[in-house]
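Asker: Since chain E is already given, all that's left is putting chain U on it; use the hints.
Below are the chains, spelled out letter by letter.
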Amino acid sequence: MVKVRKRAEKRLDVQTVGRNRIPGVAFTKEMKDGYTILVPMMAPIHFSMLKNILHDQGYRVELLENSGQAIVEEGLKYVHNDTCYPALLIIGQMLDAIKSGKYDENKIAFLMSQTGGGCRASNYIYLLRRALKKAGYGHIPVVSFNVSGMEKSSGFRLTIPLIFKLITAIVYGDGLMAMNNQIKAYEIEKGRSARLVEHWISRLTSQFNEGEGFTIPQMQNNFREMAATFTAIPCEHKPKVKVGIVGEIYVKYASLGNNNLEEFLAEQDCEVMVPGLLDFALYTLDAKPENSRLYGGNTISALVCEAISRYFQRMQKVMIDTIALYPNFIAPPSFSHTKSLVEGVIGTGCLMGEGWLLTAEMLELVENGYGNIVCTQPFGCLPNHICGKGMIRKIREREPLANIVPIDYDPSATKVNQENRIKLMLAVARENMRHEQEANKKQNKPDVPAPSRQGTDPFGQLGRMIPRLSIVSMLN
Amino acid sequence: MKIGLDIGSTTIKCVAIDRREQIIYQSYQRHYARITDSAICLLKQLQKEVPELFDAAELAISGSAGMGLAESCGISFVQEVYGTRVAAGKLLPSADVILELGGEDAKILFLSGGLEVRMNGSCAGGTGAFLDQMATLLEISLDEMDELAGQAEKEYIIASRCGVFAKSDIQPLLNQGARKDDIAASIFAAVVSQTITGLAQGRPITGKVIYLGGPLTFLPHLRASFDKSLKTTGFCPEGSLYYVALGAAYSAKDRVNLEEVIRRLEEYGKTEQYTYAEPLFADEAAYEAFCKRHQEAVAKHGSPGPDTMGAYFGVDAGSTTIKMVMMDEEERILCSSYQTNSGNPVPPVRQFLSDFYEQWPSLPILGSAVTGYGEDIVRTAFRMDYGVVETIAHYEAALRFLPEVDFIIDIGGQDIKCFMIKNKSIDHIFLNEACSSGCGSFLQTFANALGYDTEEFARLGLFGERPVALGSRCTVFMNSLVKQAQKDGASIENISAGLSISVVKNALYKVIRPSASEPLGEHIVVQGGTFLNDGVLRAFEQELKTCVVRPAIAGLMGAFGAALYAKEKRAKGGLPRSGLAQGLLTAEELKELTHQTISTNCGLCSNNCQLTINSFNDERRYIGGNRCSRPTTKRDEQQELNLYTYKRKLLEEYSRIGAGGENTKKQHPRKTKAHAKVNTMPLLTEKVIGIPMGLNMYELLPFWQTFFNELGYRILVSPPSDRALYLKGQGSIASDTICYPAKLLHGHIRYLLEQKIDAIFYPCMTYNLDEGLGDNHYNCPVVAYYPEVIAANEPGIKKSTFIYDYIGLHRPKEFVYTIHRAMKENMGKRIRLKHIKVACEKAYRELENYWRKLEEKGKMIIAGARQEGKPIIVLCGRPYHIEGEINHGIDQLITGMGAAVISEDALSPMMEKKPGTVLNQWTYHSRLYAAAHYLGTQKDMHLVQLVSFGCGVDAITTDEVRDIVEEKEKIYTQIKIDEIANLGTVRIRLRSLLETIGGKG
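Line by line, the protein sequences are chains E and U. Per numbering that gives the first Met the number 0, numbering of the first sequence is gapless, rising by one per residue and ending at 475. Per numbering that gives the first Met the number 0, numbering of the second sequence is gapless, rising by one per residue and ending at 1000.
Treat the hints with care, since some could be wrong.
Below are the DSS-like pairs computed for lysine-lysine, each with C-alpha atoms no more than 27 Å apart in a straight line [stated by the list, open to error]:
id: 1; chain 1: U; residue 1: K686; chain 2: U; residue 2: K823
id: 2; chain 1: U; residue 1: K727; chain 2: U; residue 2: K230
id: 3; chain 1: U; residue 1: K913; chain 2: E; residue 2: K133
id: 4; chain 1: U; residue 1: K969; chain 2: E; residue 2: K133
id: 5; chain 1: U; residue 1: K89; chain 2: E; residue 2: K440
id: 6; chain 1: U; residue 1: K797; chain 2: U; residue 2: K823
id: 7; chain 1: U; residue 1: K797; chain 2: E; residue 2: K338
id: 8; chain 1: U; residue 1: K823; chain 2: E; residue 2: K338
id: 9; chain 1: E; residue 1: K98; chain 2: E; residue 2: K133
id: 10; chain 1: E; residue 1: K237; chain 2: E; residue 2: K440
id: 11; chain 1: E; residue 1: K132; chain 2: U; residue 2: K252
id: 12; chain 1: U; residue 1: K798; chain 2: U; residue 2: K856
For the record, the hints were derived by calculation from the structure and aren't laboratory data.
Just chain E, same shape as in the assembly:
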């Protein structure tokens, strides 16, 4: 035992200083003013709000939304072709942006998230630096967006208050996304829900800029009003196939990564549910306590993580509880509930990539009536072999009606093939839905099993007391 430790220590003594042979250009304080920070788009609702918060902090952030074949071509040229598709896309998107001529290449920086952990994703930032250097843009600084202190830069600091603000925005984003998804599919006047989302983003942003909207009561009010305004959108009563999307975080949310999956499903007349982003943040926070539970080690940082996680979960609870008051919505499940679902299916020590959370989200979707699931992953995504494809059998054993289709995304996978497989899943889903309806008929249950989307506002009275509720009329 002693000797093995020594083997490690012996080397630690002679550790060479410096982390990188090719250090990236640092993002300095001075750059904060003149530079535009480009961020690849992922989840639109969340990222718009995150951008606005960073904006308020004095960072000139812009979300990259360029798309098209050129992005993949750039990616293939400068990134190892077997690297995960998200890395290839994001890097391709950034290079494409530089080459578009829209930006002054001496006045931009890139922001890339770095989760840490045993997945390849922790390496994206290095791949980006390598690609930039190869393409002749080595002078462009790359900022690491991480909360684990992996890389620091003087110009971009994730301070504790900032992190809290960002997380609040994510909670709002999750709520908005959940409600929007549940209304969007049924709204009579198309696009109304989307406009409402826009409205809420700008309204929340102006609250944020005034330092409001971050406290628990303020959140409560906001969510109440949000639910009320979404409830007010007229909807048609028509059962639809309910589909959930899970998978590797980028291809799950980003339309660039998943070939506009959500849009496609909407065209196929489905209601789409995508589990929230906060769960992923909480899952990441959960790694330290989990690891220290399993292997021992730094208990203090584990306790800190747990405390922070508890606070975030409280915010999540506000969102869930408020939405749950409106019976026409299915409220997102809480993180602790989601986590409890994997008991007996996969260990919560499985912490690379999306880890156990991916499995948990599938179970959570099934539980909430979204048994038809598209499990997205980049081709060759190692954690997904385990937690995605590897767990489907076990999930089906527990939930025989789970109808899961794993879809691989990579530069050469064609939309035709992907859509065909999704259509197969949908065909089975429709058959299941028919059976259910027939069964309901026999039992003389109402024809429409789906809860009516247009519900009453339990806070009707209260709602009216809130002066700003006239938004719906404003929108019309």
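Answerer: Same frame as chain E, but now just chain U:
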């Protein structure tokens, strides 16, 4: 009337039923990519046959190629697998499982006991297209293939995951003279294995099995192969081709006017919507200028005059073609030949030579050399003087056209070879390994599939105005891209041009991967048969934005180079390398030449290679398929200088200590002195713990063996992997794209489940030991969490005690408690913490001991190699890459070539952590970087990296290791391995590497 139209990737099927659901019309035909035309044609024909019902019809379209068409023409679409389900529900209510193979799709439907339908993911291996490709390769029709399969005597192992891999398995077999019957049967077996792994994903295929779709309808022996594997007798119902179309017909609800549909289809055919690239040539004039420029690079031709002293003979026995050149001493080509080898290189050479002898009987052949895949067999058969590595041959030939050449790219039938030349010696070699999409056979297959011959197809593309942008990637994927382009209305011309461009892109971005800032070279020579295609040549120049030299004899360059090599060697007075000094067969001997092949298994070591023994008259023999020289020399090749062999041996010893199970119970390790000292330990019980020998167990076995033995358990280690073991567990593999080492684990677990043992131990380990070489010390996700996959997918595991708790060896203090908890939970409460503590202490010490042994042996090998003046190859990979089934005997291949082999972990302990450009956070990978840094300082060490196909982490490590090694001006060689490795390419690569090293001194 209800009409169902099933438009698949290769065929179009139509069924019409009347109100009583009786079939009144059905047809099945290939559509050769003209989807809309064929659909219109079919409908018109239907109109002729049943005109009275035509006005009142319901129509639905199904099939992968029909989706886009249905959408844009507003016709309802039925997903094809679902269509099958609808039809089967009506016609075959008692079926349990349906297997349907289509052109590019494979589908499985579990109907009873929980409906589950699945189709192949992004991989088209094991489908009709794959079979077509294989038939093309064998130059037979599918029917003949089926017939041949019936006469098979044995099966070879062929990968079917990807047509590319399968090709690389079959080609060497053909070149070694294996019988086509056996190959045909092996191809069928591969399809079966692919279908079961890819689709069943752990669910047993039992009950009443139904076979549907083209391949299973037309090929009875394929069905037989499925029957054999599934241990059942499946049933292929009447109308098995039409189930999808029938399903569509049954589901058709929308009443349509067919006249109107035909009109809409015609309109749709006219639209072209797809992303396209620049045309190859703007106009005819540009093409003419282009042709003129390339006509300048011609070789000298001539016929022998009175002064001609003699001739030199060069052969390039390639993968699909054989090239021969006869030249005089002035290097004028006297005669040449370029033809497909039809699987056996011997007859064409024989024909060529006898023609030559007949034409110029008095002209002596002064020297002869052969290169390429078939080098050894041709050399033996005809007693050629020299064998030469392809790279050298090509360089020799290129020099004649462009003396200052610094980059050569050769695109042949199924391989791409590129090399950079620095200081008159070959510096960098790029070869395609996992992918043959940038190659000639790729174009050929497509041309044939679309109903053209290759030349005509290529010519069509020259003036395509809007070539389809196909990007780069695997052939199999390309099928679906082309399908999509067709769907979007691309014409044949534009598809052909697009394919030419994609060949080039593949070669550039998959194989060479240049960075935009560094040009490949200033003086580029392109060669190989594929470049004779003007479209490909033009696309190459366009992509590189430069002009290149294409010799008129581009296809013959290898053979020409071989002849030049023979001449040079002869001029230097060099004697042939081996004892074949008698020289080329004479005209008389040629007439008497007989050639017989027998295939057998070697059986001299655990590799158990498939051997093909070619015997010629006068007792010359050539044995193919072997990885080491043992079957030819009947001697155990010196494996002293091979650390991989040593590791295997050492681990085998560990697996025998304190082993349990049927045969080994008599052993009692506690009789040794060391054990006798510990009086407090429990006696070795009869309880046996099974350990699957895979992934990280390849390193941790010493630890667990000691640990369990100390606790009083016996261990049973699963045997080294082989093909049979893999097939055993194949059915429960959950992800078909995971790496081969992980897939093998299912077989190991199955083996252990069959033994009467008390528990199986295979823990989850997020972290590996910290060796201080990286920023962190993770395991890769697959190594870390594979036990979870086993627990979720292995059907028998629930009934046994499977210990797969999360444990961390990196924290010895806490580990004692976690393992204690895990053992108590699974093996009973009586396990005492103090015993665990002692066992852990010993286990850690034993692991350290094992490492020390490896380090010492590594040092000995290095010293030994230096004494003998042998180069040292550092064969880098993961601990589990030492297994023969995983590395395919590459370590022995290298020692057979006269080099010493050590592994990365023999060097890494000598290094400290170095800064890198990537996040260095995996223990195994840190070793790679450390070893790369170390060998950079050693003159006689060279790096070869083994990479498992599908390893996501290695996408990062390979670039980093390459950078480290190349910084030190060393050659980086990467070998991709999977279920099957193309040892032919591996051999070229290694030989070229060794020659280059030798050349550098």
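Asker: The structure should be examined with respect to each hint, and the outcome stated for every one.
Answerer: Hints, one by one, checked against the model:
no., hint, in the structure
1, U:K686 / U:K823, "holds (14 Å)"
2, U:K727 / U:K230, "holds (13 Å)"
3, U:K913 / E:K133, "holds (22 Å)"
4, U:K969 / E:K133, "holds (21 Å)"
5, U:K89 / E:K440, "holds (24 Å)"
6, U:K797 / U:K823, "holds (18 Å)"
7, U:K797 / E:K338, "holds (23 Å)"
8, U:K823 / E:K338, "holds (26 Å)"
9, E:K98 / E:K133, "holds (14 Å)"
10, E:K237 / E:K440, "holds (15 Å)"
11, E:K132 / U:K252, "violated (59 Å)"
12, U:K798 / U:K856, "violated (43 Å)"
Taken one by one, the earlier hints fail for this structure at numbers 11 and 12, listed in ascending order.
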